[in-house]
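Visitor: Hey, can you work out the whole structure from these sequences and the hints?
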Amino acid sequence: MTGVEVTAVRVVRWWAQLYTRGLPADDRERRRLELESDLWEHLHDPDEQTASRSVLGRFLRGIPADVRWRYRTLLESRGARQRSHDMTTTQRVQWWAPTTMVIGVTVAVLALLGLGFGETESGGWAVAVGWLVAGVVLLAGLAVMRSRPLVGSWVVIAGAVLLALAEPVAILPTIVVILGGFWTGNLVISQRRAEATIPLARRQSFLAARWYVWLMAATALGAIGFLVLMMWPAVTPDHCTEANPCWQDSAAWATWILSWMAAVITGAVGLVLGGLRFLARHRTRLA
Amino acid sequence: MRRKPGAILPLEALILATAVGLSKAGVEQFHGFQLAKQLRNDGEQQKLTAHGTLYKALTRMEKAGLLESVWEDPDTAVEEGRPRRRLYSITAKGRVVLANTEVEVGELARFNPGLRAP
Numbered sequence: 002m003t004g005v006e007v008t009a010v011r012v013v014r015w016w017a018q019l020y021t022r023g024l025p026a027d028d029r030e031r032r033r034l035e036l037e038s039d040l041w042e043h044l045h046d047p048d049e050q051t052a053s054r055s056v057l058g059r060f061l062r063g064i065p066a067d068v069r070w071r072y073r074t075l076l077e078s079r080g081a082r083q084r085s086h087d088m089t090t091t092q093r094v095q096w097w098a099p100t101t102m103v104i105g106v107t108v109a110v111l112a113l114l115g116l117g118f119g120e121t122e123s124g125g126w127a128v129a130v131g132w133l134v135a136g137v138v139l140l141a142g143l144a145v146m147r148s149r150p151l152v153g154s155w156v157v158i159a160g161a162v163l164l165a166l167a168e169p170v171a172i173l174p175t176i177v178v179i180l181g182g183f184w185t186g187n188l189v190i191s192q193r194r195a196e197a198t199i200p201l202a203r204r205q206s207f208l209a210a211r212w213y214v215w216l217m218a219a220t221a222l223g224a225i226g227f228l229v230l231m232m233w234p235a236v237t238p239d240h241c242t243e244a245n246p247c248w249q250d251s252a253a254w255a256t257w258i259l260s261w262m263a264a265v266i267t268g269a270v271g272l273v274l275g276g277l278r279f280l281a282r283h284r285t286r287l288a
Numbered sequence: 002m003r004r005k006p007g008a009i010l011p012l013e014a015l016i017l018a019t020a021v022g023l024s025k026a027g028v029e030q031f032h033g034f035q036l037a038k039q040l041r042n043d044g045e046q047q048k049l050t051a052h053g054t055l056y057k058a059l060t061r062m063e064k065a066g067l068l069e070s071v072w073e074d075p076d077t078a079v080e081e082g083r084p085r086r087r088l089y090s091i092t093a094k095g096r097v098v099l100a101n102t103e104v105e106v107g108e109l110a111r112f113n114p115g116l117r118a119p
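Those protein sequences? They're chains A and B, same order as listed. When the letters of the first sequence are read in order and numbered with the numbering used here, they come out as residues 2 to 288. When the letters of the second sequence are read in order and numbered with the numbering used here, they come out as residues 2 to 119.
Check before you lean on any hint, since a few could be wrong.
[To be verified] Chain A side only, calculated, beta carbon under 10 Å to chain B, not exhaustive: (1) A17; (2) Y20; (3) R22; (4) D48; (5) E168.
[Stated by the list, open to error] Incomplete in silico selection of chain B near chain A, CB under 7 Å: (6) G53; (7) P84; (8) R87.
Source of the hints: derived by calculation from the structure; they are not laboratory data. In this text, all values refer to a predicted model and were calculated from it rather than measured experimentally. Beta carbons: idealized from backbone N, C-alpha and C, even for Gly.
Guide: Dropping the structure here:
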């Protein structure tokens with residue numbers, strides 16, 4: 002095989018590994034083995050002159066179908082009634098609920114701080130209220146999802162959209178919430194889920210996620226916040242240096258401090274939630 | 002887009018028609034790449050069917066009872082030095098569904114000459 006062909010095979014294998022992750026072993030292995038066979042036949046077919054290009058073309062054109070197949074397989078394997086809870090308690094995909102909860106709590110805390118410190122100039126009050134509403138809606142959506150998955154999904158989506166509308170800088174957490182929710186299946190809407198009213202066992206609640214997941218979610222979100230901060234040109238104007246720190250540019254520094262606070266509070270919220278979860282687990286073990 | 006229960010997609014009709022064609026040629030079982038190549042060579046598709054599209058359709062058709070499949074004997078694959086193939090074949094139900102589809106398309110074609118049976 003040529004170098005291009007080897008690369009094409011690696012790309013297809015990587016994608017197959019990715020979209021079959023978390024699926025039942027039978028479905029996962031069958032799809033991977035069938036693709037292995039297909040790739041081999043394709044690359045060894047004497048009639049195929051430009052096999053590597055053709056392999057990559059087939060891979061790219063098939064991505065939407067792969068994604069749809071993944072969701073259908075997930076739905077069939079987990080069952081619509083239990084899917085939401087099963088998936089949040091499955092180790093591989095349980096990051097979504099803690100992440101969304103950390104975002105919701107952080108946004109609400111920041112909004113309250115903003116209101117408390119009198120952040121009312123130049124539309125700051127409206128932004129703070131927007132953040133508060135978005136945070137509350139996100140958390141309410143998570144709570145509703147426990148008993149009414151369909152309604153809860155829409156409420157979470159609404160909270161994420163509100164967050165992006167209130168503060169365009171927050172588009173990244175919004176993407177994390179919505180795309181992450183769809184990827185893990187927590188926000189996959191189906192009519193059957195509308196009928197689902199599930200009495201939750203204690204261990205099935207969102208807090209069942211392991212303590213280090215909270216910590217990782219918070220750390221990752223803090224890191225994302227920091228990266229956004231570093232990349233946000235309005236925060237640190239080019240003419241501001243250590244010698245000339247632009248103290249007079251209060252808006253820039255307010256944004257800078259607020260962004261640091263966002264990163265720190267996100268981490269703190271994650272630490273607190275992680276610590277609570279750790280203690281709860283410890284107490285359960287002792288009992 | 003949701004489809005009506007029992008309805009099949011154009012690609013599924015093409016796969017069934019190709020499976021019947023291969024069967025008539027003495028090939029009762031076929032694998033995924035062979036099918037993609039046959040679809041292209043028959044002029045039904047300009048390019049080889051995408052991986053995702055092809056295997057999603059095959060899986061769905063098998064669940065619907067239109068096709069059945071088995072893994073080939075591992076010894077055969079080892080002897081030929083290649084990965085094992087998943088071998089598909091059309092079922093009696095698949096033949097019936099294809100025949101019904103051809104009748105429907107034939108009726109539509111009377112009003113729209115541009116249409117042709119799969």
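Visitor: Should the interface hint for A:D48 be scored as holding, given a Cβ-Cβ cut-off of 10 Å against chain B?
Guide: Since chain B brings a Cβ to about 8 Å from A:D48, closer than 10 Å, the hint holds.
Visitor: Under 7 Å, Cβ to Cβ, is where B:G53 needs to be relative to chain A, so tell me if that hint holds or is violated.
Guide: holds, 3 Å
Visitor: If you take the shortest Cβ to Cβ gap from A:E168 to chain B, is it below 10 Å?
Guide: violated, 36 Å
Visitor: Tell me if the interface restraint on A:R22 is satisfied: Cβ within less than 10 Å of some Cβ in chain B.
Guide: violated, 16 Å
Visitor: Report holds or violated for the interface hint on B:P84, using the least CB-CB distance to chain A and a cut-off of 7 Å.
Guide: holds, 4 Å
Visitor: Take the shortest C-beta to C-beta distance between A:Y20 and chain B; is it under 10 Å?
Guide: holds, 9 Å
Visitor: Tell me if B:R87 is really an interface residue toward chain A, meaning its C-beta lies closer than 7 Å to one of theirs.
Guide: holds, 5 Å
Visitor: Mind checking the CB of A:A17 against every CB in chain B and telling me if the closest is under 10 Å?
Guide: Where the cut-off is 10 Å and the nearest Cβ of chain B is about 8 Å from A:A17, the hint holds.
Of the numbered hints stated above, those contradicted by the structure are hints 3 and 5, listed in ascending order.
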